[in-house]
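The hints should help you fit chains W and H onto chain F, whose structure is shown.
Sequences listed follow chains F, W and H, in order. Residue numbering for the first sequence is 1 to 294, as defined by our numbering. Residue numbering for the second sequence is 1001 to 1723, as defined by our numbering. Residue numbering for the third sequence is 2001 to 2451, as defined by our numbering.
Do not take every clue at face value.
Unchecked claim - With a straight-line cut-off of 27 Å between C-alpha atoms, the simulated DSSO-like cross-links for lysine-lysine are:
hint : chain 1 : residue 1 : chain 2 : residue 2
1    : H       : 2021      : F       : 64
2    : F       : 64        : W       : 1294
3    : H       : 2005      : F       : 131
4    : H       : 2021      : F       : 210
5    : F       : 131       : W       : 1598
6    : W       : 1294      : H       : 2009
7    : F       : 258       : H       : 2346
Please keep in mind that the hints were generated in silico from the structure rather than gathered at the bench.
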Amino acid sequence: MRIDSTHGKWLIASVVILVAATAIYIPYAASSPLGPSGASGLGLAFGIAGFACMIFAGLLGARKKVPVWRIGRAQAWMRGHLWLGFLSLPLILFHGGFRFGGPLTSILMILLILVVASGVLGAVLQHYMPKVITAEVPLETIFEQIDRVRSQLLAEADEFIAGASALGNPLATAGARAAVATEELTAITEADVAPLRSFYSRQMRPFLEKPDARRQALADAAKARTIFDNLRTLLPPALHGIVEDLQEICEEERQLRKQARLHHWLHGWLMLHIPLSLALLLLGAAHAYMALRY
Amino acid sequence: MSAAGLIELTIDGKKVAVPPGTTVFDAARTNDIAIPTLCHQQNETPVGVCRVCVVDVGARVFAASCVRPVESGMVVTTSSEKVKQARNTLVELLMADHPTPCARQQSSGDCELETLARQAGISQPRYSRRTTSRVKDISSPSIAVDFDACILCDRCIRGCSEIRENFVLGRMGKGANAGIAFDNSLPMGNSSCVSCGECMVSCPTGALTNKGVTGTAIDLDPHVEAVTPDELQQLPVFKGVSGTFLSLNRGAVVRRHFKRGDVICREGEYGSTAFYIVEGKARVSISTPIAHVKTQGGARGFFSKLTSQLVPRKADEREEDTDQRYIHIDAPVDLSYDNPIAELGPGDLFGEMTCMSLYPRSATVRAETDCTMLEMLRNVLDIMQRNKNFRAALDKSYRQRALDSHLRGVPVFAGLTDEFIGSLRDHVELVRYTPGQIICRQGDASDYFYLVRIGFVKVTQAHPGGEMVLAYLSRGDYFGEIGLLGNDVRTATCTALDHVELVRISGDDFNRMVNQFPDIRKKLESVEEVHLQQNRERLSLVESQPLDSFLAQGLMEAQSLLLLDLERCTRCDACVRACADAHNGITRLVREGLRFEKYLVPTSCRQCKDPLCMVGCPVGAIRRRNSLEVVIEDWCVGCGLCAENCPYGNINLHPFEVMADDPEHPGRKKAVVKKKATSCDLCAEHEEPSCVYACPHDAAHRVDPREFFAGLVGQSPSQARKS
Amino acid sequence: MPRTKRTTKRLAQRIDLNYFKHPHRFRELRFLLSVLLPLAALLWLAGYGIAHNSKLYSAGPLSPAHAVLTKDCSACHVVSAAFFGAKANDRACLACHDGPIHHSDQVFTPACSSCHVEHRGRMQLAAMPDASCTQCHANLRASHSRPNFATNVTNFELSHPEFAALRAGSTDPGTIKLNHAIHLKVNLAGPHGPVQLDCGDCHRPATSTQPPRFGSATADVNAANSAPSSPAAMLAVAQTFGPPSRSAARAYMAPPSYAKHCSGCHTLLFDKRFAEGVPHDTPEIVHAFIVKKFQEYIAAHPSELHEAASTVALPTKPLPISPRVYTAQQWVDTRVAESEQLLWAKTCKQCHALTANAAAPLPAVAKSNITPRWYPHAVFDHDQHRLAACETCHVDARSSQDTADILLPGIRVCQECHHSGPEGAESRCFECHNYHDWSKEKELTRKPTSF
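The shape of chain F in the complex, shown without the other chains (with noise of 0.2 Å):
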C-alpha cells in the first residue's frame, strides 16, 4: 500500500474531525470543575466517537474474510481503518481527559497507544517494503509456497548433478547425455564430475535443504560466486553449463531466504497488532458497560 495523494480525501477529513474536535474539547476542559472527565456528556460522547472508530478498525479483519460480499471496496475499508483507527487516539485522550484513570482504563490507554503505534509502525513498513521486496527479490514467489519452491529446485539440482554424474558414466544412454550438452558428446569421466558431485552434496544439497543453518558460505552472494569460479576452473568446459544452472538455483534460493526475511518484517508486525487489538476491544468493552453502569 502506498499512503499517497489517493488519500487525500481521508486526510483531510480526519484533519477535519480532529480540528472540530480540539475545538470542542478546549473549551469543554476549560470550563469542566475538575477538567475533563470521561463521565461528562462531552467525555462520553468522545468516548463513544472513539469506540465506534475502533469498532470499526476491528470490523476490517472480519471484511476480509467475506471479499466477496458488496458491502464497500476493500480499499475504502482499509483506509477507513487507517484514518478512523488514528483518528481514535486522540478522541480517546480527549475522552479521558489526558489522564490514565484507574486500573482498567490505564491499561486500555497503555494497549491504544501500543495498537496505534503499531498501525503506524506497520503502515511506514506497508508503505516502504514493497518496493523494496520488489527491487531486491526480482525472482520472489508466493510467501507460503517458498517451502515447495525449495524442494523442487532441490529436486532440479539433483536433475543436474544425476545428468552430470551419466556423462562421467561411459554406459550413460544417449538420452542422459543429450540432456546435458548437446554440442559436444565426447567423453567425459568420472574423474571430471568428481568436483562438481562432491561440492554439490557437501556444500550445495545442504545450503538448498536446510535454509534456517547458520554459516553456510553458499548464503552469501560474494563469497558464493568465488565458490563457482573456483569449481569452474576444476571442471572441463563441458561441464560448465551445469554450473552456471546450479549458480542460478543459489542465486534463487539466496533470494527465497531474503524474500522470506523480508516478508517477516512485512508482516511480523501484525503479530502485535492483532492480538491487542482484540484485546483492547475486549477490555473496551468492558470498560465501557462497567464505567456507563456504574
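Here is chains W and H on its own, set in the frame of chain F:
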C-alpha cells in the same frame, strides 16, 4: 545398338541387351546375375557410395555397377579375383568398425554387411577399430540408432527423402567425422521424424533397428487379440500396405472384440490409438453435460457470494452464443447440438486426431451391438492413410455421411439445398497436410475454398515485425473465401499445425454455390468484413509497438490484463482468497508469473487476441466470440488440453458433481465428478472483478494493455482507445 | 542444458492451487496470539471478578478520606435495577454526610459529585476549583428574588467585589469614641506613667488566656448589653458560619470590653472621697450606686453635713455663699448631682454618646454597636495568619483618629498573598467561603453501611 534400340553388352561372358539408361547392376540383375550391394536399394536412386558393387568394366578403375549406365559393347566382369579382392577389402574395412554382432544380426541374423563378411570368409578384420565412437541414440520411441553400425550408405536418407518425403535424415560432418543426422543433429526423438520406419526398413545393418515392443505395442488382454500381418492383409483396407512393415510393427495394431454396451473410449481421456470398425455398430455421444459454467450471485445480492453452476443454453442465453448446430468430433460424423448422439458402423475410422496428434478423445463411444474393431497406433494409421485403398474408402465414407452435416454445420452454409450438396459431393477433394506444411501462401492466386475436416490450421499474415497469427481454425471452420469472393489473391498464409485433412472445393464450384445462393454470399461477405476489420485493428496496433519484452511476454496479445502493482501489493493474498470465494473455493488466479516493470502479471485469463488455448480442443468448445473474448462453450468435455496449451497457465479444470448412468447397475444413476474447463471470467456478475474489489491496497487492476501502457509506446491513452 | 525458460506458466505450475487454504505457520501463530491475548485479558477480568475485587474498574485512587472504601465499591456505587442506576448518586453520599443546601432560593442544586469529584487521587474532596462555584456565581440568579450579592464573580483576583463592609461610604457603626492614633502613640500617659499600647492589649481572641495588661480579667459585664465576650458565647457566634469541624475559638478577635481592656486607664472615679469608680453600667445603675455610696458615706460621716468650704473649685460652679448645713438627703442629692455632672458631662462622655433627655433625669447612652464580626459570609482565622503582624493587614490602625474609620483590610490586602500561582496562598473560593449552610446541619443517626 541393336535393332530394337537396346544396348548390347557382355556380362560375365553372357551377352545381354538392355534399354539405354539401364545401369550395369540392373542389366546383370535382369539377366540373373547377382552383384552384391550394400548402399543400393531397388526403390531408391542409386548413389554408389559403398563401392561394394564394383565390377570390372574394362576401364582403368572398377566401376560401381549400381550407378554406371551400360554402354554398347561393354565387357563386364562381376567376380574376377581382383574384383573379389577389392570387394573383400571394402567389406573388411567396413567390418573393422562394425560392432559385430550388431543389433540386426542379433535380432534377425540378416545384417547385410555381416552376411557379406561371412560369405567372404572375413571373421577378424586386420584393421583396428576407430577410436572415437558416437553414443547410441534411443530417443525415438520406435527406432534405435546405433551410429557405430552405420556404414554411411545413405539408404535411410534416400528412404526418408525420396520415398517418404519427410526429409528428416541427412549427412553431417566430413571425413572421419561424417555421420547421419536427424534434422540438424538432434536426437531422433526430438527431431521431426514421424516414425514411419522407412529408414529402418532401408538400413542394411543394425544402425537403425526396430526398438522392440516396449511402449510401441498395445497391451494384450482377454479382449485383445494380436493380429498377424497376413490376417491384416486380408482386409481390403490394408491392401497395399507393406507386409514387412506390418510384421515389424506387430504389436502396433490389434483386434478387439466388444460386447454390446462396452465402452470403447471415453471423452476427455488421453489416448494414442485410432479405431477401425470391422464389424458391428457403435454409438458415439457426449456424456458431459451440455452446459456452460456460469458464475452467478447468491440469493441475496448484497451479501452475494458467487457460485459456479452448470447452466444449459436454454436456461441462460448468452448474447454471444453462436447458433452452432453441430459439434465437430474426431469421427466421420458430427454430433448435433440438440441431440449429441450418432452411430458408427463397419468401415468407420474414429480417433484419428487422438492417434495422430495425441489430442484427448472427443466423445464417448459405446458398442451398440457386439463389435470387432482394430485398434492401431500412429505408425500404422499413418501407413494406412497413405495407402490408396484405405484413402478411397475413407473418402467415400466422408462424402456420403459427413460432408453433408459438415457443410451444413457451418452456419453460413446452413441454407444449402440437398441437391446442391449432392452435386457438390463428387466435386470435393480430401487433401492431407503434415504438421508445418503450408496450405496456401499470402499473395498466391486464389483457387480453392477449404473446409477443415480434422486438425488445426494456423492463419497468419505477414507484417513488418514478422508473421502475425490471425486465427486458429479447427474442424468445421473454413477459409479461402476472401480470395475467391473478390480478392483474387490470398490475403493470409494458412499452415497446418498438426496432421490436417481439408475438404477442398474448387473455385468454380464455389462461385457456382454463391451465385446460386445469394444469401450465402451476403453472409460470407459480412463475416469477411468483420474479419478484415479485426485484422486491420490488429495490424495497426502491432505496427505501433516496438517493445520486445512487452511482446515477448505476450502482453500485447492480451485484451484485458490483470496487473498487480508490486509497489503497492503487500502480498496478503486477499485477491486470491476473493477469487476462490467467488468461485466455489477454487481460485482462478495464482499470484505468480513474470514481471513487467513494476507489475506482476499473474495467471488470470488475458483474453488473448491470439488464443493458443483454442488449439487442440477435441470438440472445438473453446472459441472466440464477437468481442474477441475467449469463451468456453457448453460441450466442453473436460479433457484439459486447453489448460495445457495456455502458455500462461490461466485455465484450470473445475470439477462438478453430476448424476450419470451407473455402469455397474444399468438403469440407475450415480454421482460422478465431471470436469469443465474454467478460466477467469472477469466476474461478469459484478461491475468489478472480485480480485480488484477485494484488494485493500489498490494494487490490482484489470486494464486494457494498450491504454494502460500507452505511454510506453508513445501514445496517449485516448489514442490507444481509438485504435 | 540450460534451465527451462522462465515463463508465467512454469512459475505458476510450481504453486499448489490450494495453497491459501492450508494455513502457514506464520498465520497460525498470528491466529494463536489473537486468541491467547484476548483470552488472557478475559481471564484477567474474570480473576478479579471471581475475587469480587472491583478496584480494577476504579477510575482513579480515592481521596484519603474514602481510601478505605477502595475495595468496597458498593459503599457509594449502590446497585439498583435500572441500568444506569448504579452510579454514585447523592443518596449514597448522604448516607454518611449531611450537606445542607446553600441557599433556599438557589436556581438548582448541583449533585454532590459534580463538585466533590472522587477517584482523582489523594486530594482533598472539599478543595474544589472555582468552577464549581462560578457555575452559578459567574452569572448569579435566584429562583424567586433578585440576588443581593455581586452577580458576576468568576475568581478572586479579577472579579471578586470589594468586601461588603468596606463598600464606599461605609463607616464603623460603633458609638464608642476611640482614637486609635492616640492610644497607639508612643509615651501614652498611663495610670502609673507612660505606656506603649500594642494591638494585642485590646484585641485578643475570646479564648485568650493571657491577662490583659490594662484591665481586669474578671470584671463583671452586663452580658445583655455589651458584646458577648465569654468564650462560650464567642463560640456560639462563631459557629454560625463555620462547619463544626472547624474550631473557630482562635479565629476571631473578641470585641474589646471595658473591663478587660479600658478599665486599667479609664477609671470611673467620681468623688475624691471614694477610691473606686462607678460600675460600668447603665446610667440608672450608676445613679443608684452613687446614691447608695453617698448615703453610706454620710451615714458613716455625719460631720460632713456641715459643709466646709468647697475644696473643689470648679470653673463652672460658683462659690458657695456660706457653709450650709444639709440634711442627709440634701447632702446626698447635692453630692450626686455633682458627681453625675462630672460623669455625664465628662467621664462617660469621653467614650460614649450620651443624649440628654429633657423628660428623663438620666441621659440615654447609645448602644455601643461594636461589630463582633465584620465579614459574616466569609470564614477567617486570625490564628492561621499569625505570621503577619497586625499592621500588615490592618494598615490604617495606627493612623486612624475616627471611630468611624473601618480598620478592616480590604480585598486588595488579601489579594497580596492570596493570588494564583505557585507563590500565592490559596485563592480558590473554598478557602474563605462555604457552600453548605452549616447552620442547618442535621446530625446523622443512621449508621453508614459497614465495610
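Status of the hints after comparison with the structure:
1. H:2021 x F:64: 15 Å, holds
2. F:64 x W:1294: 25 Å, holds
3. H:2005 x F:131: Holds, at about 26 Å.
4. H:2021 x F:210: 25 Å, holds
5. F:131 x W:1598: 9 Å, holds
6. W:1294 x H:2009: 25 Å, holds
7. F:258 x H:2346: Violated - the C-alpha atoms of residue 2346 of chain H and residue 258 of chain F are around 116 Å apart, more than 27 Å.
In summary, the one numbered hint that this structure violates is 7.
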